[in-house]
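Peer 1: Residue numbers (this note's numbering), protein chains in the order written: chain A, 49 to 101; chain B, -17 to 243.
By construction, these hints were calculated from the structure, which means they are not laboratory data. We put the beta carbon where it would ideally sit given N, CA and C, even for glycine. Check each hint, because a few of them may be wrong.
[What the hints assert, rightly or not] Derived contacts from chain A toward chain B, CB cut-off under 8 Å, selection only:
#1 ALA52
#2 ALA58
#3 TYR59
#4 ALA61
#5 ALA62
#6 THR65
#7 LEU69
#8 LEU71
#9 VAL73
#10 ARG80
#11 ARG81
#12 GLU83
#13 ALA85
#14 LEU87
#15 ILE92
#16 ARG94
[To be verified] Computed footprint of chain A on chain B; a stretch qualifies when at least three of its residues, placed anywhere within it, have a C-beta under 8 Å from a C-beta of chain A:
#17 44 to 57
#18 88 to 98
#19 201 to 209
#20 219 to 226
[To be verified] Here's a subset of chain B near chain A, in silico, CB distances under 8 Å, partners left out:
#21 GLY38
#22 GLU39
#23 THR40
#24 TRP101
#25 LYS103
#26 PRO104
#27 VAL152
#28 ARG212
#29 ASN213
One-letter residues, chain by chain:
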Amino acid sequence: MNHATYVAAAYAAAFLTVAALILWVWLDGRARRRELAALEAAGIRRRSAGEAR
Amino acid sequence: MSEQSLAIRKFSDLANPTRFLALSAIVWPWMAAATALFFAIGLYLCFSTVGDYQQGETVRIMYIHVPAAWLSMMCYSVMALSALGTLVWRHPLADVSAKMAAPIGACFTFIALITGSLWGKPMWGTWWVWDARLTSVFVLFLMYLGLIALNRAVDDPTRAARVSAILILVGFVNIPIIKFSVDWWNTLHQPASVIRLDGPTIDPEFLRPLVVMAIAFTLLFFTLHILAMRNEILRRRVATLRRLAARAAGHGAAAREETLR
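Only chain A is shown next, with the shape it has when bound in the complex:
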């Protein structure tokens, strides 16, 4: 392998790891917001839900 291959592999590995991290945070947030919306639609609310959110 020449040097450029090592550089490309390092940047690709870093990019994929960061992309996976961002994807996890995004999907986790989306799933939690959906769960809260479903609970709210079922009429289950926090006691302080009337306050500013």
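Model the placement of chain B on the given structure of chain A, informed by the hints.
Peer 2: Showing chain B alone in chain A's frame:
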């Protein structure tokens, strides 16, 4: 109101998860934009600067390897501060912060290990050696994984928080070991050339992209950390609401049974 009590009030204001959600909702898009901007400038500099006269093109691996390694240690330091927040001040967001920093720290440590390995092969002639620096960073990676596993194994978040806070503080001893491993032991890994008492010994040509990438990685960490903390707050809200709903359903069933009798 005295200045001190005002400061304490502001700190406890932030401790309110609802306030944190409102404030972070305003802050995070700006931080994400700043992260993207710094990565754009940083990556441009990474590939527009000249190669090293000895290392050639592989010097470009430094621009991701070194910031990732710094962040892997900074993330653990953030977790240690959060652990203190859990144990000493009982700050309600401290364990949310510590719990959600662990996966991010594990990813940065993973990047540092992989890119270091890919840099080691052409420069040292080996992917890996068990020298003090590499081994101590590998231990840090294992500690991150251990903390993630611990948080997943204990259902009650407050109990998990106390146990992992103690573990985080005990594990913090590894951070100075990582930093000074290259001075204390004879390692294949080079000693510090940027963060040292007599100033950086690295040429400005390489220092410039390195600093911009370090700022970009730091911004990325804090943006993702804030977003992950928001997710954890929502997760706990869902759990609380489900408990409330289950309790209400239980009461409803008991009341129905009463009327049937």
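Peer 1: With reference to the structure, classify each hint as holding or not holding.
Peer 2: Taking the hints in turn, this is what the structure says about them:
no.: 1; hint: ALA52; result: holds (6 Å)
no.: 2; hint: ALA58; result: holds (4 Å)
no.: 3; hint: TYR59; result: holds (7 Å)
no.: 4; hint: ALA61; result: holds (5 Å)
no.: 5; hint: ALA62; result: holds (5 Å)
no.: 6; hint: THR65; result: holds (5 Å)
no.: 7; hint: LEU69; result: holds (5 Å)
no.: 8; hint: LEU71; result: violated (11 Å)
no.: 9; hint: VAL73; result: holds (5 Å)
no.: 10; hint: ARG80; result: holds (4 Å)
no.: 11; hint: ARG81; result: holds (7 Å)
no.: 12; hint: GLU83; result: holds (5 Å)
no.: 13; hint: ALA85; result: violated (10 Å)
no.: 14; hint: LEU87; result: holds (5 Å)
no.: 15; hint: ILE92; result: holds (5 Å)
no.: 16; hint: ARG94; result: holds (7 Å)
no.: 17; hint: 44 to 57; result: holds (count 3)
no.: 18; hint: 88 to 98; result: holds (count 5)
no.: 19; hint: 201 to 209; result: holds (count 3)
no.: 20; hint: 219 to 226; result: holds (count 6)
no.: 21; hint: GLY38; result: holds (5 Å)
no.: 22; hint: GLU39; result: holds (4 Å)
no.: 23; hint: THR40; result: holds (5 Å)
no.: 24; hint: TRP101; result: holds (7 Å)
no.: 25; hint: LYS103; result: holds (7 Å)
no.: 26; hint: PRO104; result: holds (5 Å)
no.: 27; hint: VAL152; result: violated (26 Å)
no.: 28; hint: ARG212; result: holds (7 Å)
no.: 29; hint: ASN213; result: holds (5 Å)
Hints 8, 13 and 27, counting from the list given before, are not met by this structure.
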